[in-house]
Amino acid sequence: MCTLKFWSICAFLLLSDHSFSMKCKQHILRDRNAQCIRLLTDMGGDFPVKCLKENVKLMFPKGVYDITSKSQDHDIAAVAYDALRDVVKIFNNSLVSTSWDPEKLGLFKHKLSLQIENLEQCVRGEMTFSGDGSFKEDNGRLKSYFERLTTFLKEKGQSACAWEVVRKEVSYNLKKLQEFL
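Numbering (mature numbering (1 follows the signal peptide of the UniProt record, and there is no 0)) for the sequence shown: -21 to -1, 1 to 160.
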C-alpha cells in the first residue's frame, strides 16, 4: 500500500512539474494558437458571398507584433495575453445572428480561455496588471484595433455579415500572432 502511494505521489510530482515547466513554452503557445485558428476557420467556413458588400479592408495595424531582439518571453506572453483577452471579449457578445457551428464556437472560446489562463500564469510577477485586467505595458495600437472591431459590430447591429468580417479580422490577427510567437 505504501509503495502504491509512493508511486502515485511520484507520478503526480513528475506530471505537475512537467506541466508547470510547459506553461510558458512558445511552441506550446504556437500549437494552441494554431488550434484556435483552425477552429475559427472551421466554425464558419469560407467568407459568405452574401457578405462581400459588408467586407472592409483589413483593419489590423502593421507592426503590432513586431519582434525585436530585446523581446523576452514574458513580453511576448504579455502581448499575446492582451490580444487573446480582447478576442474573448469580442466573442462574448451576442452571436445569435451567426450560423456558425455552436460546438466549434464553444470549443474555440474554451481553448482561448485556457490559453489566457496559461499566459497569465507565465507573466504573473513579471508584469503589473492595470485596473482593466490588461498589463500596464499595454500595446495601444492593439487596444484601439479591438475597439474598432467592437465599434464596427455595434454600428452594423451585430449582423451575421458583421460577425463574418470580425471572424475574418480575428483570424488574420491570430495568424499574425502565430508569426509573433
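Heads up, a few of these hints could be off.
[Claimed, not checked] Mimicking DSS-like on lysine-lysine, the simulated pairs with C-alpha atoms at most 30 Å apart in a straight line are: (1) 122 to 32; (2) 155 to 41; (3) 36 to 88; (4) 122 to 133; (5) 29 to 88; (6) 155 to 122; (7) 154 to 122; (8) 90 to 41; (9) 36 to 122; (10) 133 to 154.
[Claimed, not checked] The following label-pair restraints were derived from C-beta to C-beta distances: (11) 119 to 28: 19 to 29 Å; (12) 138 to 10: 31 to 41 Å; (13) 69 to 17: 29 to 39 Å; (14) 154 to 123: 18 to 28 Å; (15) 103 to 78: 34 to 44 Å.
If you're looking for bench data, these hints aren't it; they were derived computationally from the structure.
Quick reminder that beta carbons are idealized off the backbone N, C-alpha and C, glycines included.
Going down the list of hints, with the structure as the test:
1. For the suggested pair residue 122 and residue 32, the alpha carbons sit about 26 Å apart, so the restraint of at most 30 Å is met.
2. With a CA separation close to 10 Å, the supplied pair residue 155 and residue 41 stays within the 30 Å bound.
3. Our distance criterion of 30 Å between C-alpha atoms is met by residue 36 and residue 88, whose separation comes to about 25 Å.
4. Restraint check for residue 122 and residue 133: the C-alpha separation of about 17 Å stays at or below 30 Å, so the hint holds.
5. Distance check on the hinted pair: residue 29 and residue 88 sit about 26 Å apart at the alpha-carbon level, within 30 Å; holds.
6. With a C-alpha separation of about 15 Å, the suggested pair residue 155 and residue 122 falls inside the 30 Å cut-off, and the hint holds.
7. About 17 Å separates the Cα atoms of residue 154 and residue 122, which keeps this hinted pair within 30 Å; it holds.
8. A C-alpha spacing of about 26 Å is found between residue 90 and residue 41, which places the hinted pair at or below 30 Å, so the restraint holds.
9. In summary, the hint linking residue 36 to residue 122 is supported, as the alpha carbons are separated by about 18 Å, within the 30 Å threshold.
10. As the CA atoms of residue 133 and residue 154 are separated by approximately 25 Å, the hinted pair is consistent with the 30 Å bound.
11. The hinted window of 19 to 29 Å between residue 119 and residue 28 is violated, with their beta carbons roughly 36 Å apart.
12. Checked against the hint of 31 to 41 Å, the C-beta distance between residue 138 and residue 10 comes to roughly 34 Å, which is consistent with it.
13. Remark: the range hint 29 to 39 Å for residue 69 to residue 17 is contradicted by a beta-carbon distance near 19 Å.
14. Against the hinted window of 18 to 28 Å, the Cβ-Cβ separation of residue 154 and residue 123 comes to about 20 Å, which satisfies the hint.
15. A beta carbon spacing of about 39 Å between residue 103 and residue 78 agrees with the range 34 to 44 Å that was offered as a hint.
When the structure is compared with the earlier hints, violations turn up for hints 11, 13 and for no others.
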